[in-house]
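Could you put the whole structure together from the sequences, leaning on the hints where they help?
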Amino acid sequence: MKHIRNFCIIAHIDHGKSTLADRLLEETKTVDQKALKDQVLDNMDLERERGITIKSHAIQMNYTLDGQEYTLNLIDTPGHVDFSYEVSRSIAACEGALLIVDAAQGIQAQTISNLYMALDHDLKIIPIVNKIDLPSAMPEEVTDEIVELLGCDHDEVIRASGKTGEGVQDILRAIVERIDPPKGDPDAPLQCLIFDSVFNSFRGIIAYFKVVNGVIRKGDHVKFIATEKEYEADEVGVLQLDMMPRKEIRTGDVGYIISGIKTSKEVKVGDTITHVKGGAKEAISGFEEVKPMVFAGVYPIESEDFENLRASLEKLQLNDASLTFQPESSAALGFGFRCGFLGLLHMEIIQERLDREYNMNVITTVPNVSYLVYDKKGGVTEVHNPSGLPDPATIDKIEEPFIRASVITDTAYIGPIMTLCLGKRGVLVRQDYIWGNRIEIIYDLPLGEIVIDFYDKLKSVSKGYASFDYTIHDFRESKLVKLDILLNGEPVDALSTLTHIDNSVTFGRRMCEKLKELIPRQQFDIAIQAAIGAKIIARETIKAVRKDVTAKCYGGDISRKRKLLEKQKEGKKRMKQIGTVEVPQKAFLAVLKLD
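Following the UniProt record's numbering, the residues of the sequence shown are numbered contiguously, the last one being 595.
One should not assume that every hint holds.
As the list claims (entries may be wrong) - BS3-like, lysine-lysine: derived pairs with alpha carbons at most 30 Å apart:
| hint | residue 1 | residue 2 |
| --- | --- | --- |
| 1 | Lys514 | Lys547 |
| 2 | Lys397 | Lys535 |
| 3 | Lys482 | Lys535 |
| 4 | Lys291 | Lys377 |
| 5 | Lys459 | Lys424 |
| 6 | Lys516 | Lys572 |
| 7 | Lys268 | Lys281 |
| 8 | Lys281 | Lys183 |
| 9 | Lys218 | Lys377 |
| 10 | Lys535 | Lys514 |
| 11 | Lys535 | Lys552 |
| 12 | Lys376 | Lys291 |
| 13 | Lys268 | Lys223 |
| 14 | Lys535 | Lys376 |
| 15 | Lys277 | Lys2 |
| 16 | Lys281 | Lys247 |
Said to hold, decoys possible - Here are the simulated distance ranges between beta carbons:
| hint | residue 1 | residue 2 | range |
| --- | --- | --- | --- |
| 17 | Met1 | Ser329 | 40 to 46 Å |
| 18 | Tyr374 | Pro520 | 41 to 47 Å |
| 19 | Lys218 | Arg173 | 30 to 36 Å |
| 20 | Pro186 | Thr64 | 22 to 28 Å |
| 21 | Leu565 | Tyr374 | 52 to 58 Å |
| 22 | Lys183 | Glu27 | 25 to 31 Å |
| 23 | Leu518 | Ser329 | 22 to 28 Å |
| 24 | Gly67 | Trp435 | 38 to 44 Å |
| 25 | Arg521 | Ser329 | 27 to 33 Å |
| 26 | Asp120 | Arg521 | 55 to 61 Å |
None of these hints come from the bench; they were simulated from the model.
Here the structure is a predicted model, which is why all the values come from computation and not from measurement.
For every residue, glycine included, the Cβ atom is placed at its ideal position computed from N, Cα and C.
Have a look at this one:
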């Protein structure tokens with residue numbers, strides 16, 4: 001055990017985690033030159049196209065220092081705020097963390113939030129200044145920032161470059177010397193913490209775990225404590241670039257188990273594996289449940305695909321435990337699921353993965369957050385969907401979730417950022433100078449306001465310099481109203497939103513204008529209206545496509561033309577009664593991009 005080191009890599013998005021992980025794999029000869037490509041751990045096409053890490057990836061390396069061989073288990077983690085749950089799971093399985101900071105950009109918001117998460121779990125932090133080969137690098141200033149933040153010595157900060165490979169030897173030496181070996185008792189009853197799982201169509205569900213106490217061997221009769229299901233361990237092994245079977249996995253090591261599990265409900269991330277005979281009685285504590293922030297309806301375009309969509313979501317949930325879903329139905333879209341996501345990027349990625357990996361064409365409704373609705377009798381209900389709002393006459397008050405947001409930026413952009421936050425009904429808490437001309441601004445903001453376009457706007461007003469991170473803070477009372485969109489007097493439930501009363505009129509007007517552009521013209525007039533209760537607050541009309549029925553009349557009596565026009569008018573009237581208006585998928589997504 002004393003020759004095992006478990007560590008993860010944490011950093012802000014795009015600070016060079018995956019590239020540095022490549023260099024570590026190359027240096028320890030874990031990956032041979034033929035298999036080596038850039039960002040070798042990002043094995044999803046989507047990750048490579050977008051240049052971001054979406055999934056945590058575990059890999060084992062062997063490293064020899066001073067004639068002694070060590071086993072290093074590395075978990076590479078995502079950097080984007082929407083995937084912070086992946087990071088929290090990786091941290092739970094480690095004893096140390098490499099904190100990587102870009103020498104050109106300095107400390108960013110996500111760096112700080114991931115660092116606090118690691119410190120809460122008592123991880124040993126190894127600070128690294130990466131990308132020192134860049135012409136715009138400022139290693140001295142960034143080292144000072146890290147020393148200020150961590151309270152460590154200047155000598156402890158390692159300077160490295162993922163591109164050139166400089167400093168990689170120092171990092172490997174620091175991992176061995178500074179990070180503690182795993183604590184655990186090899187003779188105690190078996191306890192393994194599941195931190196990830198994947199679905200394989202041939203072998204069933206493969207769970208990745210860390211052995212906290214005891215030893216797990218091939219052929220053991222094991223049980224999963226949370227689901228109380230029992231299995232045979234058909235195969236156990238360690239994770240290198242491929243899965244490597246082993247006879248046993250000992251305390252402190254990270255590995256995988258295949259036991260022919262077919263249904264996804266039987267494996268929960270954060271569950272504990274133990275032996276059926278003489279196993280541990282209680283599960284490993286300290287693993288947090290995921291809290292979805294954004295809710296949206298996901299509906300199959302063809303209604304017979306409903307069961308396929310359920311199966312696809314279950315398989316995705318195995319690989320991404322932060323996704324939650326439950327069935328719901330909509331008058332406009334039929335049967336589908338109300339899904340919970342951690343943020344907008346997460347929602348976009350899930351939609352893209354459903355399309356690519358499971359060939360599912362889906363319509364996603366307008367995203368919204370969950371609200372607490374208090375009725376006049378003192379009861380409370382949690383509402384995830386505007387159509388689930390009780391009758392307004394019975395509502396006493398509605399509370400919406402507020403977040404505590406931290407924005408780190410250059411002092412030059414304070415003005416535009418404060419204007420943006422005030423426009424989103426934000427309340428300034430405080431501002432702290434970090435170092436030089438870098439400042440951290442703390443705001444309380446309603447989650448419903450930031451969920452759609454706040455991050456994009458923040459990047460544009462700060463020319464890309466501001467970084468943003470948030471945590472859920474509390475629920476506060478707000479004057480919220482339900483805004484309905486009516487097409488020819490019929491409400492489209494999938495376009496309903498809950499919005500603040502001050503924004504409702506402008507939001508309703510913009511929705512109507514946008515829908516007028518996107519809904520194709522029919523042979524009859526279509527009225528698009530925004531309504532709060534029975535009061536119409538905005539209206540647009542899509543004019544009918546006019547067919548010139550009098551074109552065949554050359555001259556002649558006016559009554560011939562009148563007769564044809566009257567006949568057309570009757571037909572249009574009848575068509576309007578029975579005609580339905582198809583709302584294209586673009587219209588549901590357009591609400592996100594109203595500006």
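Verification of the hints:
{"no.": "1", "hint": "Lys514 to Lys547", "verdict": "25 Å, holds"}
{"no.": "2", "hint": "Lys397 to Lys535", "verdict": "20 Å, holds"}
{"no.": "3", "hint": "Lys482 to Lys535", "verdict": "11 Å, holds"}
{"no.": "4", "hint": "Lys291 to Lys377", "verdict": "28 Å, holds"}
{"no.": "5", "hint": "Lys459 to Lys424", "verdict": "15 Å, holds"}
{"no.": "6", "hint": "Lys516 to Lys572", "verdict": "20 Å, holds"}
{"no.": "7", "hint": "Lys268 to Lys281", "verdict": "18 Å, holds"}
{"no.": "8", "hint": "Lys281 to Lys183", "verdict": "19 Å, holds"}
{"no.": "9", "hint": "Lys218 to Lys377", "verdict": "58 Å, violated"}
{"no.": "10", "hint": "Lys535 to Lys514", "verdict": "20 Å, holds"}
{"no.": "11", "hint": "Lys535 to Lys552", "verdict": "45 Å, violated"}
{"no.": "12", "hint": "Lys376 to Lys291", "verdict": "28 Å, holds"}
{"no.": "13", "hint": "Lys268 to Lys223", "verdict": "13 Å, holds"}
{"no.": "14", "hint": "Lys535 to Lys376", "verdict": "23 Å, holds"}
{"no.": "15", "hint": "Lys277 to Lys2", "verdict": "28 Å, holds"}
{"no.": "16", "hint": "Lys281 to Lys247", "verdict": "25 Å, holds"}
{"no.": "17", "hint": "Met1 to Ser329: 40 to 46 Å", "verdict": "53 Å, violated"}
{"no.": "18", "hint": "Tyr374 to Pro520: 41 to 47 Å", "verdict": "42 Å, holds"}
{"no.": "19", "hint": "Lys218 to Arg173: 30 to 36 Å", "verdict": "34 Å, holds"}
{"no.": "20", "hint": "Pro186 to Thr64: 22 to 28 Å", "verdict": "23 Å, holds"}
{"no.": "21", "hint": "Leu565 to Tyr374: 52 to 58 Å", "verdict": "57 Å, holds"}
{"no.": "22", "hint": "Lys183 to Glu27: 25 to 31 Å", "verdict": "27 Å, holds"}
{"no.": "23", "hint": "Leu518 to Ser329: 22 to 28 Å", "verdict": "24 Å, holds"}
{"no.": "24", "hint": "Gly67 to Trp435: 38 to 44 Å", "verdict": "42 Å, holds"}
{"no.": "25", "hint": "Arg521 to Ser329: 27 to 33 Å", "verdict": "30 Å, holds"}
{"no.": "26", "hint": "Asp120 to Arg521: 55 to 61 Å", "verdict": "57 Å, holds"}
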